[in-house]
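Chemist: Here is how the chains run, residue by residue.
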Amino acid sequence: MNNLNPKKPIDYRNDIHPVWCAGCGDYGVLKSFTRAFAKLELSNERIAVISGIGCSSRLPGYCETYGFNSVHGRSLPIATGLKTARPDLTVVACGGDGDAFAIGIGHIPHAIRRNPDLTYFVMDNSIYGLTKGQASPTTSTELKKMRGLPGAEEIPVNPALFILSCGAGFVARTQAGDMGHMTEMLTQAIQYPGFAFIHCLSVCVTYQGREFQTGLEQKIHALPEGYNASNIDSAFQIARNDPWALGVLYRRPPEESQFSPVTEPVDE
Amino acid sequence: MESKKVLHMSLVGSGGDGVMATANMILKTAAKMGFYGMMAQSYGPQIRGGESAAHVSIGAEPVRVTNPKKDLVICFRFADVTRFAKELSVGPGACVLHGKEEGELPSILKSEGGVTLPIPFQEILEKEGLPEIAKNVLVFGMFLHLLGWELKHGSACIREVFGHKSSAVISSNLKAMEVGFSSLESVTLPFQCPKPQKAVERKLFSGNEACARGAVDAGCRFFAGYPITPSSEILEEIYDLLPKVGGKLIQGEDEIASLGMVVGASYGGVPAMTATSGPGLSLMTEMLGLSSIAEIPVVIVDCQRAGPSTGIPSRTEQSDLWHALYGGHGDFPRVVLAPTDVKDCFQTMHRAFYLSETYQIPVLVLSDALIAQRLEIMDPVDASGFPHGKRLLAKPPFENYQRFDLQIGYAGGSGTGVNPVAIPGTPEGMHSIAGIEHTEKGTPSSDGDQHQIMNQKRFLKLKTIAKETAPWYSIQGSAKADHALITWGSCAGVAEEYLLHHPETALFVPQILEPFPVEGLQKFLKDKKSVTVLEMNHQGQFYHHLRALGLLDEGKSAVSARRSGGLPFKVEDLEQMMKKTMDYEKDNGPWTIYHGL
Numbered sequence: 001m002n003n004l005n006p007k008k009p010i011d012y013r014n015d016i017h018p019v020w021c022a023g024c025g026d027y028g029v030l031k032s033f034t035r036a037f038a039k040l041e042l043s044n045e046r047i048a049v050i051s052g053i054g055c056s057s058r059l060p061g062y063c064e065t066y067g068f069n070s071v072h073g074r075s076l077p078i079a080t081g082l083k084t085a086r087p088d089l090t091v092v093a094c095g096g097d098g099d100a101f102a103i104g105i106g107h108i109p110h111a112i113r114r115n116p117d118l119t120y121f122v123m124d125n126s127i128y129g130l131t132k133g134q135a136s137p138t139t140s141t142e143l144k145k146m147r148g149l150p151g152a153e154e155i156p157v158n159p160a161l162f163i164l165s166c167g168a169g170f171v172a173r174t175q176a177g178d179m180g181h182m183t184e185m186l187t188q189a190i191q192y193p194g195f196a197f198i199h200c201l202s203v204c205v206t207y208q209g210r211e212f213q214t215g216l217e218q219k220i221h222a223l224p225e226g227y228n229a230s231n232i233d234s235a236f237q238i239a240r241n242d243p244w245a246l247g248v249l250y251r252r253p254p255e256e257s258q259f260s261p262v263t264e265p266v267d268e
Numbered sequence: 001m002e003s004k005k006v007l008h009m010s011l012v013g014s015g016g017d018g019v020m021a022t023a024n025m026i027l028k029t030a031a032k033m034g035f036y037g038m039m040a041q042s043y044g045p046q047i048r049g050g051e052s053a054a055h056v057s058i059g060a061e062p063v064r065v066t067n068p069k070k071d072l073v074i075c076f077r078f079a080d081v082t083r084f085a086k087e088l089s090v091g092p093g094a095c096v097l098h099g100k101e102e103g104e105l106p107s108i109l110k111s112e113g114g115v116t117l118p119i120p121f122q123e124i125l126e127k128e129g130l131p132e133i134a135k136n137v138l139v140f141g142m143f144l145h146l147l148g149w150e151l152k153h154g155s156a157c158i159r160e161v162f163g164h165k166s167s168a169v170i171s172s173n174l175k176a177m178e179v180g181f182s183s184l185e186s187v188t189l190p191f192q193c194p195k196p197q198k199a200v201e202r203k204l205f206s207g208n209e210a211c212a213r214g215a216v217d218a219g220c221r222f223f224a225g226y227p228i229t230p231s232s233e234i235l236e237e238i239y240d241l242l243p244k245v246g247g248k249l250i251q252g253e254d255e256i257a258s259l260g261m262v263v264g265a266s267y268g269g270v271p272a273m274t275a276t277s278g279p280g281l282s283l284m285t286e287m288l289g290l291s292s293i294a295e296i297p298v299v300i301v302d303c304q305r306a307g308p309s310t311g312i313p314s315r316t317e318q319s320d321l322w323h324a325l326y327g328g329h330g331d332f333p334r335v336v337l338a339p340t341d342v343k344d345c346f347q348t349m350h351r352a353f354y355l356s357e358t359y360q361i362p363v364l365v366l367s368d369a370l371i372a373q374r375l376e377i378m379d380p381v382d383a384s385g386f387p388h389g390k391r392l393l394a395k396p397p398f399e400n401y402q403r404f405d406l407q408i409g410y411a412g413g414s415g416t417g418v419n420p421v422a423i424p425g426t427p428e429g430m431h432s433i434a435g436i437e438h439t440e441k442g443t444p445s446s447d448g449d450q451h452q453i454m455n456q457k458r459f460l461k462l463k464t465i466a467k468e469t470a471p472w473y474s475i476q477g478s479a480k481a482d483h484a485l486i487t488w489g490s491c492a493g494v495a496e497e498y499l500l501h502h503p504e505t506a507l508f509v510p511q512i513l514e515p516f517p518v519e520g521l522q523k524f525l526k527d528k529k530s531v532t533v534l535e536m537n538h539q540g541q542f543y544h545h546l547r548a549l550g551l552l553d554e555g556k557s558a559v560s561a562r563r564s565g566g567l568p569f570k571v572e573d574l575e576q577m578m579k580k581t582m583d584y585e586k587d588n589g590p591w592t593i594y595h596g597l
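Protein chains in written order, with our numbering: chain A, 1 to 268; chain B, 1 to 597.
Please keep in mind that the hints were generated in silico from the structure rather than gathered at the bench. Hints may be right or wrong, so weigh each one.
What the hints assert, rightly or not - Looking from chain A toward chain B, a few residues come up when the C-beta cut is under 7 Å (computed):
#, residue
1, Ile16
2, His17
3, Leu40
4, Leu42
5, Asn44
6, Pro60
7, Glu64
8, Phe68
9, Asn69
10, Ser70
11, Pro77
12, Ile78
13, Thr80
14, Arg86
15, Pro156
Unchecked claim - Calculated Cβ distances over 10 Å to all of chain B for the following chain A residues:
#, residue
16, Lys83
17, Gly226
18, Asp242
19, Gly247
Claimed, not checked - Here are the simulated BS3-like pairs of lysine-lysine, each with C-alpha atoms no more than 25 Å apart in a straight line:
#, chain 1, residue 1, chain 2, residue 2
20, B, Lys570, B, Lys580
21, B, Lys441, A, Lys8
22, A, Lys31, B, Lys441
23, B, Lys4, B, Lys69
24, B, Lys570, B, Lys69
25, B, Lys441, A, Lys7
26, A, Lys145, A, Lys132
27, A, Lys132, A, Lys144
28, B, Lys69, B, Lys441
Virtual Cβ for every residue (Gly too), placed ideally from N, Cα, C.
Turn these sequences into a full structure, and let the hints steer you where they fit.
Modeler: This is the structure:
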């Protein structure tokens, strides 16, 4: 890398104006993506961002990288296929809570079992924003009751707990309001060799309201001091009991990946 | 004494009798001796045990069908034989071997003027000190003698089949074969068996193996799939083949993920495919539309089974045609190919990868249970003349690169529909693509005009392809024949067999169904007096497709000869259907529809 001319976050952003509502947490996510790419000095052409469908899944379209805004819930199979074909690429799959934990949830354990070296970034605003405010799998029972949304009797999915139990080697939680933290988590996740998951708490300003953001800001906190992220039992405990703790919940010592790619050279 | 050009045989028994193993050994030996041949299997839904039958046909010339009246039948047990009543008709003068201890021959196995040979299997095995398990090799020895084949051919086969086992096992099996051979020394068949023209060693493949090999030959380097009858052997075979060429296979958690991984790998520039059957194709349909709108080449083999829903997994049908041609939401172009037999699978897979890579379009290959799991002896395929697809790659310098540039792809309707692609990793070519309608750059767009012109661009590919694939059909029979028979896929075999005895009929078989070789069929139908469309499904899907294309609208009587699948058509079925066609035409005049058998 040419350090005399370091990459800037703006180098990873194209000139397309996002469709997101003013104040949407996804703007922060987009900035963190570009910051993490710059921090890691990645070549633009070596990055591919794969998403499903939804507000947050529009993200690849705004990155000056390769991007694929695919179909609802299927970003992980596509990302896995791409990583198999092109092990030289940094592959980031992303999407929202509906995309990940409703239609796409069946793919998560299997992507983790295969353990390809990719990062899965889920923007969780606990609502279906694009379809105007229905309940998502992570919408709290209280909110569902309060708003009269369907599914109040259903228990919300706990993303971190679910992903941990599937056996992922890297699990982190961050929030859209803190770009510094988000960038740090993303950087670590991209650097982690194997499947890395980031649960990003975000707010839908249109369908959840700003009061929700205030509530979120009051609840979130860092992991306890001296927290040992290599201990799976602690990770399970935090995931189960403390859904507002931010940081790297679990980081298994990197092992040699069993995931083998296509080795046939590809014409470029 | 009658001399047989093709010998049709059946082996019937229960799981554990070694029916399939024996049939395999006969076919293997025949292949080495220079015969052509074919083997179809019938089995129930059981995993092990229960009824099973192998239908083996061998001849000096290529064999087209395995279901005419049998010349030679071996029945290990009578218990399950009635289950094959519809698939097993014993010909006049046939030779029937059966276990002596089974008692009286059931009526369905009786042959008019034939030879019945009750064999005391148990007694022979005990006398020779052979294990029960050697029974089928004993039978193999008997076949060798009856067919007039030399022992050395059988020995070579035994050595190959049991080569990985201990020498004791090999010598025990050789002994069983010899005992079987000599125990029938006093018996001769009431007909003469075919002889190979030349002692050329030929290859033995199933349709699924042929699809896997054809695909890897054609450049496939990634496969993701979910096991499903009758396509699973493609997954199994390609799992062995891919590592040898640097490729990779992933067994998906379902069909959606499988095609998703294929889309992802292909997006990364690697030619990729999946294989499935009807229920899997249904699940893949959303992803099929994605690959078409995002313009990512994929190849999908659909080994059709009897449907709908789970249907009959082990039985054949041609009822996924409409799904392949029209399935999915919204308008999107796709290519549909249909191999007619095992050998044709090689060329069809080459064509599938050629078209998908060249035109950045999904290609469906409609195989079916009949071709997929059937074994055929064939001449080696020379793939050197097959076209080889290469994706049109965008090369630097990238000045205002647009993935879906309408100037290039559409060019006011004079383009090919194909745009150069910068695959991820290509410097300067960064762009994003979407399953959602998009601009020339790939950015999501909800503009109606944009959608219209993008559809025009994408469908332009089919027009371009059609020019190239216009000759992808076969015509057999005399140009002067009055009657036209049109069919597709695995039904071509029985149609060809029918043609041998019916010079008044000529046959048209398209090898590509979308885009359809329209001009070829129009030319073929020009002087024909009547038209019959043969297919194996309830609704006459192909017939209606041809009507939709306006191809049968020539003022001729066009008849749909069809029935649901399950059992392959016999030549007699076709004779009955064609006779009705012609009679019906006489009585009713042109433009009538008849609903098959």
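Chemist: Now tell me, hint by hint, if it's right for this structure.
Modeler: Evaluation of the provided hints:
Checking Ile16(A) against chain B by beta carbon gives a least distance of about 6 Å; that is within 7 Å, so the hint holds. Nearest Cβ of chain B to the Cβ of His17(A): about 10 Å, over the 7 Å cut. The hint is violated. Here the hint on Leu40(A) is broken, as its CB sits about 16 Å from the closest CB of chain B, past 7 Å. Hint status for Leu42(A): violated, given a least beta-carbon distance of 12 Å to chain B, over 7 Å.
For Asn44(A), the suggested interface contact is upheld, since its CB lies about 5 Å from the closest CB of chain B, less than 7 Å. Interface restraint check: Pro60(A) against chain B, minimum CB-CB distance 5 Å, threshold 7 Å, status holds. For Glu64(A), the interface hint holds, the least distance from its beta-carbon to any beta-carbon of chain B being 5 Å, beneath 7 Å. Interface restraint check: Phe68(A) against chain B, minimum CB-CB distance 6 Å, threshold 7 Å, status holds.
With a cut of 7 Å, the hint placing Asn69(A) at the interface with chain B holds, because the nearest CB-to-CB distance is about 4 Å. Proximity of Ser70(A) to chain B holds as hinted, the smallest CB-CB distance being about 5 Å (cut-off 7 Å). Because the closest C-beta pair between Pro77(A) and chain B is about 3 Å apart, less than 7 Å, the hint holds. Because the smallest distance between the Cβ of Ile78(A) and any Cβ of chain B comes to about 4 Å, under 7 Å, the interface hint for this residue holds.
About 6 Å separates the beta-carbon of Thr80(A) from the nearest beta-carbon of chain B, less than 7 Å, and the hint is met. Interface restraint check for Arg86(A): the shortest CB-CB distance to chain B comes to about 4 Å, inside 7 Å, so the restraint holds. The closest approach between the C-beta of Pro156(A) and any C-beta of chain B is roughly 24 Å, which is over the 7 Å cut-off, so the hint fails. For Lys83(A), the requirement that its beta carbon stay farther than 10 Å from each beta carbon of chain B is not met, with the minimum near 8 Å.
Residue placement check: Gly226(A) keeps its beta carbon more than 10 Å from all beta carbons of chain B (closest about 39 Å). Its beta-carbon lying about 31 Å from the closest one in chain B, Asp242(A) satisfies the requirement of being farther than 10 Å from that chain. Every C-beta of chain B lies more than 10 Å from that of Gly247(A), the closest at about 31 Å, which supports listing it as non-interface. Distance check on the hinted pair: Lys570(B) and Lys580(B) sit about 16 Å apart at the alpha-carbon level, within 25 Å; holds.
For the given pair, Lys441(B) sits about 23 Å from Lys8(A) by alpha-carbon distance, which is consistent with the 25 Å threshold. A distance of roughly 22 Å separates the Cα atoms of Lys31(A) and Lys441(B); the hinted pair therefore holds under the 25 Å criterion. Only pairs whose Cα atoms come within 25 Å are accepted, and Lys4(B) paired with Lys69(B) is accepted, the gap being roughly 12 Å. For the hint pairing Lys570(B) with Lys69(B), the CA-to-CA distance comes to about 10 Å; that is within 25 Å, so the pair holds.
Annotation: proposed proximity of Lys441(B) to Lys7(A) holds, straight-line Cα distance about 24 Å (limit 25 Å). At most 25 Å may separate the alpha-carbon atoms for a hinted pair to count; Lys145(A) and Lys132(A) meet this at roughly 17 Å. Restraint check for Lys132(A) and Lys144(A): satisfied, since their Cα atoms lie roughly 14 Å apart, inside the 25 Å limit. Between Lys69(B) and Lys441(B), the direct Cα distance comes to roughly 62 Å. Violation of the 25 Å bound is thereby established for this hinted pair.
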